[in-house]
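Chains A and B, in that order, give the protein sequences. For what it's worth, my numbering labels the leading residue of the first sequence as 1210, then goes sequentially. For what it's worth, my numbering labels the leading residue of the second sequence as 732, then goes sequentially.
Treat the hints as calculated values from the structure; they're not laboratory data. Glycine residues also receive a C-beta, built at the ideal position from the N, C-alpha and C atoms. Where hints are given, some of them may not hold.
[Said to hold, decoys possible] A short, non-exhaustive set of chain B residues, derived as facing chain A with CB atoms under 10 angstroms:
(1) 1257
(2) 1429
(3) 1430
(4) 1432
(5) 1435
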Amino acid sequence: MRKIYLLTVVAALALCVAGCRSEGSPYGADFQNTVTAAKNQVFPAVVYIKVIRDNLQAGKNVANTVSGSGVVISADGEVVTNHHVIDKATEIRCLLYDGRAYTAKLVGSDKDTDLALLKLERPADDKPLPFAEFDNSGNVSDGDFVMAMGAPWGLNRSVSIGIISCAGRYLAGNGEYTLWYQTDAAILPGNSGGPLVNTSGKVIGINTLGMGTGALAFSIPAHTAQYVISRLRQYGDVNWAWLGLTLQPLRDFDRNIYFDYPSGVIVAGTEPGSPARREGILPQDVIVAVGGNPVSVETSENMPDFKRSLGLLPFDQAVEFDILREGKAVKVSVTPRAKGKVEGDILDLPRWEFTARAINRFDNSDLYFYQPEGVFVYGVHYSGQGSRAQLFQRDIILKVNDTEIKTLDDLKKAYDAALANIDNKRKTLLTLMRNGALRQTVIDFATDFDKE
Amino acid sequence: MKNIFCMTLAFLLAVAALPVRAQEEGETKDETEKAVNLLEQMPVLKKLLPSAVIVNYYFKLDSKGREPRLYGINVKNCLEEQRPFQTFGFVVAGDLVLTGNAMALPAYLEKITVEYNGKSVEASIDAFYPEQSAIRLKLSAPLEGTVPLQFKTDAKEIAYNFYLLKDGGLWTGGLRKFAPANITYNLENNEEMVGVPHSLLLDKEGNPVTIGYTTDGKIALEKCWQDDPAKWRAVPADDLYKAIAEAEEAIGENFYTVKIRMRRRQLQPNTREYYEEQRKPAELTVPGMLLQDGRVMLNVRMSAQEIARIERFVIMVNRKAVAAEFEVTFKDFGILLIKPESKLPGKGIEQVKGALADLTRQMLYGVEIRVDGDSLDFRTTPSFIRNFRDGWKNMLLPNMVPAGVGQYVFDMDKHLIAMPVQMRVTRSANNQSPTLLMPYAEIAALLARPDEAFDRQSVPQPQVDQDRLAWLGVEFQRMTSELAELKGVMTLTENGNTGLLVTYVYPGSPAAEAGLQVYDIITRVTPQATNIPIRLRGQEFDQNPRQTFPWSELDRVPEQFYERMPVPWQELDNRLNTVLTSLGFGEKFRLSYIHDGKMIEKVLTVTAAPTYLGNAEKYQDKELGLTVNDLTFEARHYFRLENDAPGVIITNIKTGSKASVAGLKPYEIIYSVNDVTVKNVEEFKKQVSGKSDLSFGVRRMNITRIAKIQANGEKAQP
């Protein structure tokens, strides 16, 4: 269905271009030349990515194949794509425009900005690679012509053209550290991770979110990507600095909330156990400067840039906050910590037919509230033992028989122990916490799939 | 039906009689056998046939479309199959036939026909014989060829009985050796009785001596051999019809429609109780019976909680409303007494005189009383007391013919004998209780012993107290057979069907004081008052196990669903606490629970729960569109808050309100207003009142933020 749709779009675009030519393009031949030149410059660097990934969402490991796009950004084979393309990958293969195929290694990946850096594993005698260049200047305005490129089906590359609909789109809940480019250049499934290219043939963004019809799509700006890529290259992950601050802008038109300060940002609260709380930053404080640099977060559109600047602070190094507290100026020194993982690892329990995940404060804050260190039911295989025992997603596992469970390791050990004792005792007592209340259930063992 | 019954009975009698004969009459055996040699009695049988006729009852629905209630006759089948109900009768005079009792009032009878030898005439009910449970039919013309029975009044014994029977679809006459089923002596009224089959009884020569029509299969011993039906006490049909018509009028004067207006329970939406409550009407309409002292007795079963929510009583008198005040409720029975503000027109129902036992074999009638809008609808059925059964606390309860407990039973003088009453005591977890047909004398006697009879605890309460709830102080889940097996309590929990697994014990609660612990299993609650254990079957108590609060989705919940959001925690208003509440505050009960595989029993007292969300102090700010409640103990437990942690909890947000625009959500906690911490609704109210700039400290789980609202309609700055 989608394929047909995409074909139609491509065909329509081709027809239009042909038609425009014959009738005399309103943009003139120059524009067509510009587009063609830009396309020719970047197309060779667009990569088709094929990924085999573990998928434990359905309560058992269902490995599946997904594909996406990427762009080569250096002659030695660095490829940028989306985090969601290579997430949980067990194997990544890349196909170049000229037909060369490589296995790729994951250098690093960041869920928060949905970016990943790959390195192609090239033979020693490999020819140099074509690569695309970023335009990090941030000189992108609403209405600029852009092209979205991708490689949805192998060798063929595709391009769609449009304009920047919004050069600073704020998407609540998507991208804590970045604003987005919104474009009407179609980004369709399979194009994820491909480049958004300007008329000079430079990459200005990485295509990430398409909204079905194609007229509404979002890309991560190159100037965000550059920080992320350099940290991925350096550390293997971004290692955002974390302070544990919850912030609010000065003006929130939607909620009709206005704070009467000329500049700064409002502290809504601090997270338990965070550096900010430890150093005594309080709700209702107004941060007016960080490390001597004045701060102003007027609206939520300004928030990602400020959060990124906080996230990129060097950790384990104190930074001074100028704070306005009840009308008085206060200085507080806070040492950021590495944010660490933003989602928990996953464990497959094949004979119980469910998967479990470690609780992560950023990903599962409501579970973290009850059990800061713990594991929860991630996926339940339908009609399996887990679903028969009425396990539901997000049940926190407190105990297996009499063993307390804090980590996936604990759970794995308890599972193995139960499995080892299967001849004496088939059934296992699970103690759960669901919605803040204790619950017990009994789980049986399923068939030994390995033996079958 | 009746025929088959007779035949079975007769057969059983014959069988039962055999060994007795063999033992006691051993030597005269030959002579006796000779005397009752049935094979020689065909002439006797044939001689009786012209006295036996077939009676057809053609039923119809009455003007309100109801079927008659009759004993032992499936009227519905007859009507559906468009056939009459058939039975047999005996000709006692040229145009008079006696037959077993089908006590249908004329309203339910299309016609009655009597058949003999292929000829048929119409007949009508002429008289009722209450003692015999028989009726006399008057034929429109004598039936040709029939011979009236001549009863012998000086017979010494009964040798045979004669009957008609539809055998294989064909009418057949039959003669049987007579053997009494039994003889009995009643220790209380000294009656000597003999069990007889429903048939014509004959002496050795084949002379009829009486007909074995009875209410309970027995006739008096002294009448056994000589009881000419001509001497039976007959109630002329017209007298009965007249009495019933008068009675309905008299009942109309003493029974009223009474409306009980109740406040709704304050329940959180999206719970089973909430939807059950929504289905219930806010006004109960029940029949009320005027007593001679001017009070009105309401026949309605209400729990203490329901009574607490009563707002007012209205008695409808000739379509005009008369207000009434609550007086008292019975402890054991679903009876309320109310006092009208002005005197009602009727004289009050009179109680029957004399002992209940003397009322057997009397012509009575039962009246079913139903509320029909503002008026009452009566349905009267001739009936009599068949026998008695032992009931609640040894009360003797009448069994009526036709059967039915839902009727007020009167005698021919309009005196009340018995009335339907629902037991009020809780006998099962689903709080259902049977209806008893209770002698009015017992109720009247209880009225004279108020201390014993009345429940003074259950009274209408002001709104704030109406939702007072008893509690045990535990959270629980249902047991399952797997859990029971694993914990080794299969027997104690009836394979896991019974039992509530304790998952939390509130500190300071009755459960905590009794020493209950997490993972104990509560199986039974036995009220001391009744000593009837209420088994806690998990299925009935289970709360929706899937229910989790959408914390992670809260910002995406559309406003219109706010008022239907489930309460995040396990509610206090659960079925266990409802059962305890229904026992009555202060009542003692035995709690049976399993601890470490052993059954433990403890006596506890029904205790009122501390203020919970359902009856906590509440403040609704209309301007902000915000309702907040005190943080009650169960909310504190859910949010793991200390007892003195500040805050009020948002329980409702009006769509489109200022609070809604500011992004406040149900079940978030407001812990400060304009930088001042608020501990309860009172303080919250004080802080918000009269202020135009409001800044709320808001917490969702553990994430805080600040919400600002401009009140008093002042324009927010751009």
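To see whether the hints hold, each was checked on the structure:
1. 1257: violated (26 angstroms)
2. 1429: Cβ of residue 1429 of chain B sits 9 angstroms from chain A, so the hint holds.
3. 1430: Nearest chain A Cβ about 8 angstroms off; hint holds.
4. 1432: holds (5 angstroms)
5. 1435: holds (3 angstroms)
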